[in-house]
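Participant: For the protein sequence lines, the chains are G and Z, in the order given. Heads up: the first sequence at position 67 corresponds to 66 in numbering that gives the first Met the number 0, and the numbers run straight through without jumps. Heads up: the second sequence at position 170 corresponds to 169 in numbering that gives the first Met the number 0, and the numbers run straight through without jumps.
Derived by calculation from the structure, the hints in this document are not laboratory data. Treat the hints loosely; a few may be bogus.
Said to hold, decoys possible - For lysine-lysine, the following DSSO-like pairs were computed, each having C-alpha atoms within a straight-line distance of at most 27 Å: (1) G:K101 <-> Z:K79; (2) Z:K205 <-> Z:K140; (3) G:K101 <-> Z:K199; (4) Z:K158 <-> G:K99; (5) Z:K79 <-> G:K99; (6) G:K101 <-> Z:K158.
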Amino acid sequence: MIIGNLVNGVVIDHIPAGRAMELYRLLKLDSLQCEIALIKNAASEKHGRKDILKIGQLDGIDFSILGYIDSEITINYIENGVRVRKFHPQLPDTIYDLIKCKNPRCITTTEQELPHVFRLTDPGTRTYRCVYCQTPAGR
Amino acid sequence: MRHLTDIPDLTAEEIDELISVACDIIERPDRYSQVCLRKKIATLFYEPSTRTRLSFETAMLDLGGSVIGFSSADNSSVAKGESVADTIKTVSCFADIIAIRHPKEGAAYVAAANSSVPVINAGDGGHSHPTQTLTDLLTIKREMGRLGDLTIGCCGDLKFGRTVHSLISAMSRYSGVRFVLISPEELTIPDYVRCDILDKNHIPYKETRDLETSIPDLDILYMTRVQRERFFNEADYVRLKDTYVLTPEKLAGASDNMRVLHPLPRVNEISVSIDSDPRAAYFRQVRNGKFIRMALIMMLLGLTPGF
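Chain Z with its partners taken away, still in its complex shape:
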């Protein structure tokens, strides 16, 4: 049985196949509308979420399946102290596939180890968020027409930003990819990303504090939010939260072909006046999230369109 707890669970060929299927779903949605008939997804969200949960649920509904689950730990036996393992063993009795979001790192690994149905990590603390990465890859592919030969700027909270860690891991598999890592000193990428992914695979990268001078070199600018929920100290959050704000003035230095991505939600890091700029791809990115999750659900359930 297959699970997706982290991006390395998928081969580069499988990712390419998922992107290809997602593109086909976009072209021919009717072909996929009954693929998951009588199948159920359980969305177990121990943390608040708008996009990821609704995206998973809509993905299953658009495949002809149905949805069970909870959107807050308070609405389940978790509030009584039930472990992740016991919750998963229970939900496995009802659902055909599970998507779990949990504030603790490694929760999805525990879920997969205790499940009798496929488990998808929908975000485990600051650790990993593989379906956001698949969303990002599909978006880059659709916006740029390729996944190699790109200079990708990652800006903001690179320490706790799980989407950045997974994106770097996934994009490192493609040739000609370079990274510009833009963050405050306190929020640089963790050692395991720097050593085990970038250095180990000889991926060119530059670490900098300066967004404005980096923009002209970029094909992709991946903005991230400084996440209040990852800080133990409120004062540190307040000091760092507005370090980088992308404004029309800063975007003026970017090429016409550059695209701005953001996993959302945003707070202040992208000015709303940029939303109408054709380079702003983050709401198209949200839409792509549903299609790639449809492709992933089908893959993990071993289902294909029957006609």
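One chain only, chain G, in its complex shape:
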């Protein structure tokens, strides 16, 4: 499969295979008017298979959530056909409405309109806790 090279934009590479659509939604890419290519199950020397997102726009995208998804993801900024910056996403300090608190006693279980907010409490163990009840994410 051949997809044209990006002249100006962002390439999100090394996305775990099968998760590009999830990232497409999380990054709210459907709201952009630029060209976007989603490549699924591309061959990867390192991981066997990977997903890739190519976005024909440099600004207006908040990538901070990617650090929570997978710190191995790489973000490449392309300008005039040349990669000018490559980096791994950092763990975001706060996550809004991505994950839900599993604690059945948490106020978010009964007050449906509340945003689900988790704060990074231990970067070493990548632990996020619900700001309301302090329950760790994913338990």
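With chain G held as given, fit chain Z onto it using these hints.
Facilitator: Chain Z only, in chain G's frame:
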């Protein structure tokens, strides 16, 4: 604007100041009798309470202020499905300060985020109960004369016992404090207390199932009730509720200087025959609760005695 949703909202210096003001109120109550003149506290209690609600209300009355609020969710628009946020925005229009108790964890955080007046967490489910902790600290200070260099035994429901979580968080700030955590296997302290408070701050602690052999080492024995309302399964509650009962025989192994605290209400975990023992400090603890809440209300409203 200041709120108190959890003990870490206060610095160690602020806690010391609250204790100091509470001690002064005990010594000179008349000096404080008009401090909150024309101020109103709203006590919003979505869960039953005797001590905490009456303590807040008496605290405000003794400061010269007045009280509004509800003592059951059934007596308010909560019964019609109103959210905590909307209730708080409404009550903020009437009251100068709010004390809220709610069965759901994090309710006080939501209240504080939506309030235009100071909010005090009067207990949010099994999560946190900071004013009980301030009460406990004042009691320990008055009974023992210090807050450091103490071995504190916490006994009973350490999983859902919010008073224990807050007490461990607060006492961990003082030097020389050790904990003996006595509970059934099913009711041990949650990970966030063990990891984020005890381990992170290198606080010495021991977890055990045995109350009797632990008692001789303790300066403070903090008993807690196994709370029926925190269990989803009645059979589990029945099986665990009488695991620990403090009797005169068990207390015989304690030092004369040890003090027994309990946030109350008790069910069976402390024999009533212990009430007359000078080491039983839990009713003095109730009295202290009013004084520390007076100090807290003044602090959050930015008020001091004017003479």
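Participant: Against the earlier hints, flag every one the structure doesn't satisfy and list their numbers going up.
Facilitator: none
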